[in-house]
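2 protein chains.
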Amino acid sequence: MINYPTKKKTNTSMNITTKSNQRGMGLEKDINDSNTFYRECNRALIYKKPTPVQVVRVDYPKRSSAKIVEGYYKTPSTTDYNGLYRGKYIDFEAKETKSKASFTFKNIHEHQIQHLEDVQKHGGIAFLIIRFTLYNETYLIDASHIIDAYKDQKQKSIRYEKVKECGCLICESFTPRLKYLDIVDNLYFKEDSYGF
Amino acid sequence: MINYPTKKKTNTSMNITTKSNQRGMGLEKDINDSNTFYRECNRALIYKKPTPVQVVRVDYPKRSSAKIVEGYYKTPSTTDYNGLYRGKYIDFEAKETKSKASFTFKNIHEHQIQHLEDVQKHGGIAFLIIRFTLYNETYLIDASHIIDAYKDQKQKSIRYEKVKECGCLICESFTPRLKYLDIVDNLYFKEDSYGF
Ligand SMILES: [Mg+2]
Ligand SMILES: [Mg+2]
Numbered sequence: 001m002i003n004y005p006t007k008k009k010t011n012t013s014m015n016i017t018t019k020s021n022q023r024g025m026g027l028e029k030d031i032n033d034s035n036t037f038y039r040e041c042n043r044a045l046i047y048k049k050p051t052p053v054q055v056v057r058v059d060y061p062k063r064s065s066a067k068i069v070e071g072y073y074k075t076p077s078t079t080d081y082n083g084l085y086r087g088k089y090i091d092f093e094a095k096e097t098k099s100k101a102s103f104t105f106k107n108i109h110e111h112q113i114q115h116l117e118d119v120q121k122h123g124g125i126a127f128l129i130i131r132f133t134l135y136n137e138t139y140l141i142d143a144s145h146i147i148d149a150y151k152d153q154k155q156k157s158i159r160y161e162k163v164k165e166c167g168c169l170i171c172e173s174f175t176p177r178l179k180y181l182d183i184v185d186n187l188y189f190k191e192d193s194y195g196f
Numbered sequence: 001m002i003n004y005p006t007k008k009k010t011n012t013s014m015n016i017t018t019k020s021n022q023r024g025m026g027l028e029k030d031i032n033d034s035n036t037f038y039r040e041c042n043r044a045l046i047y048k049k050p051t052p053v054q055v056v057r058v059d060y061p062k063r064s065s066a067k068i069v070e071g072y073y074k075t076p077s078t079t080d081y082n083g084l085y086r087g088k089y090i091d092f093e094a095k096e097t098k099s100k101a102s103f104t105f106k107n108i109h110e111h112q113i114q115h116l117e118d119v120q121k122h123g124g125i126a127f128l129i130i131r132f133t134l135y136n137e138t139y140l141i142d143a144s145h146i147i148d149a150y151k152d153q154k155q156k157s158i159r160y161e162k163v164k165e166c167g168c169l170i171c172e173s174f175t176p177r178l179k180y181l182d183i184v185d186n187l188y189f190k191e192d193s194y195g196f
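If you read the protein sequences in the order shown, they are chains A and B. Per the UniProt record's numbering, residue 1 is the first one in the first sequence, and the count goes up by one each step. Per the UniProt record's numbering, residue 1 is the first one in the second sequence, and the count goes up by one each step.
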């Protein structure tokens, strides 16, 4: 097969898209798998919220279920995940970045920040899970660090070093993929930490 | 306009569908409105989970956002609502019935029962909101009553009288439409009730 320049270019750009999608799905899949594991061993009850879809038109083909023929993804009003752990309400957003230097706030909606702040006000546990894909490192960071930085008009991002300093690196294993509840234990359930 | 018999029949059946849909949506809308009110006055942080959609095919029209052109409603893996109230995790399912005699368990999936049981095991608050539309009465009933009845192989439903006896009638008002958190206060936050 002859590699025409145009053909080659198309292939390359497709590969990039696929890779970036896989990367985009990578963290979500790791967390979903971890949550399934945590549920199966009765450690926690945490689910990904479904992506909201604005359904515009539905067909009802004979003898089969309703078929959505026009719909659009809506911006989620809250965060990716919530649930119940050790009797406490848990809520978090998961994000990946390809940057080596920082996690930019362009990646996060203002109402998501507001929601995380509300969770804390109502006595829940709120945090972010941020993966720096180029370092292959995933951090759990309490929402307050991100809320404070986000509200500081001069800041448009949080530096990698700051995430490393204020957050906790999540250990990875076969099951669960991301042992993030061990971090939650240390951060929120130590007698001298948050006073729960 | 002449009312041809066939035309009339179509109209009638459409009206019934519309009414039953409105009734189907009635409780959900009332709860959603109540939750919006409760959020706005900072009393609680409770949301309806989006209905999960299995997206099969997406088009990307030029210069506009992704358009779902083939999708199907999936069975939700959990319940309709969850959130945070007075520092506690809250989870519930809302159901309407047109029966005057009972609420049939056909209306509820086994994995929803399992989920409500798991919520209780993990220290959360789990209940159902059941509306008997023909009485125009809406009850909040702790999940344990439904779980017990559901697990009893001989029972295929829970009688209206039993719901009335074990549940609490929810008062209605202009805002919030359903004052269900007052019931939650009485049922779960009294010192001598659940030991929270
Ligand atoms: Mg996310
Ligand atoms: Mg329902």
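None of these hints come from the bench; they were simulated from the model. Treat the numbers as computed from the prediction; the structure is a model and nothing was measured. Heads up, some of the hints might be wrong.
Derived DEER-like restraints, expressed as beta-carbon distance ranges [as the list claims (entries may be wrong)]: (1) B:Lys-62 with A:Lys-121: 31 to 37 Å; (2) A:Asn-107 with B:Lys-164: 23 to 29 Å; (3) A:Ser-144 with B:Leu-169: 26 to 32 Å; (4) B:Val-56 with A:Lys-98: 18 to 24 Å; (5) A:Pro-50 with B:Pro-61: 53 to 59 Å; (6) B:Lys-62 with A:Lys-74: 34 to 40 Å; (7) A:Thr-51 with B:Pro-61: 29 to 35 Å; (8) B:Lys-62 with A:Arg-86: 37 to 43 Å; (9) B:Lys-67 with A:Thr-104: 26 to 32 Å; (10) B:Gly-123 with A:Ser-144: 22 to 28 Å; (11) A:Arg-159 with B:Ser-77: 22 to 28 Å; (12) B:Cys-166 with A:Asn-107: 44 to 50 Å.
List time: in silico BS3-like cross-link candidates among lysine-lysine, alpha-carbon distance up to 25 Å [as the list claims (entries may be wrong)]: (13) B:Lys-100 with A:Lys-49; (14) A:Lys-179 with A:Lys-154; (15) A:Lys-74 with B:Lys-164; (16) A:Lys-29 with B:Lys-95; (17) B:Lys-162 with A:Lys-29; (18) A:Lys-156 with A:Lys-100; (19) A:Lys-49 with B:Lys-62; (20) B:Lys-106 with B:Lys-162; (21) B:Lys-179 with A:Lys-62; (22) A:Lys-67 with B:Lys-62; (23) B:Lys-98 with B:Lys-62; (24) A:Lys-106 with B:Lys-67; (25) B:Lys-179 with A:Lys-121; (26) A:Lys-95 with A:Lys-121; (27) A:Lys-67 with B:Lys-49; (28) B:Lys-162 with A:Lys-48; (29) B:Lys-106 with A:Lys-74; (30) A:Lys-74 with B:Lys-74; (31) B:Lys-48 with A:Lys-95; (32) B:Lys-48 with A:Lys-29; (33) B:Lys-48 with A:Lys-67; (34) B:Lys-29 with A:Lys-49; (35) A:Lys-106 with A:Lys-156; (36) A:Lys-121 with B:Lys-48; (37) A:Lys-48 with B:Lys-62; (38) A:Lys-48 with B:Lys-74.
Glycine included, each C-beta is placed from N, C-alpha and C at the ideal position.
Check each numbered hint against the structure and report the violated ones by number, ascending.
Hint check: 1, 2, 3, 4, 5, 6, 7, 8, 11, 13, 14, 15, 16, 17, 19, 21, 23, 28, 29, 37 fail, others pass.
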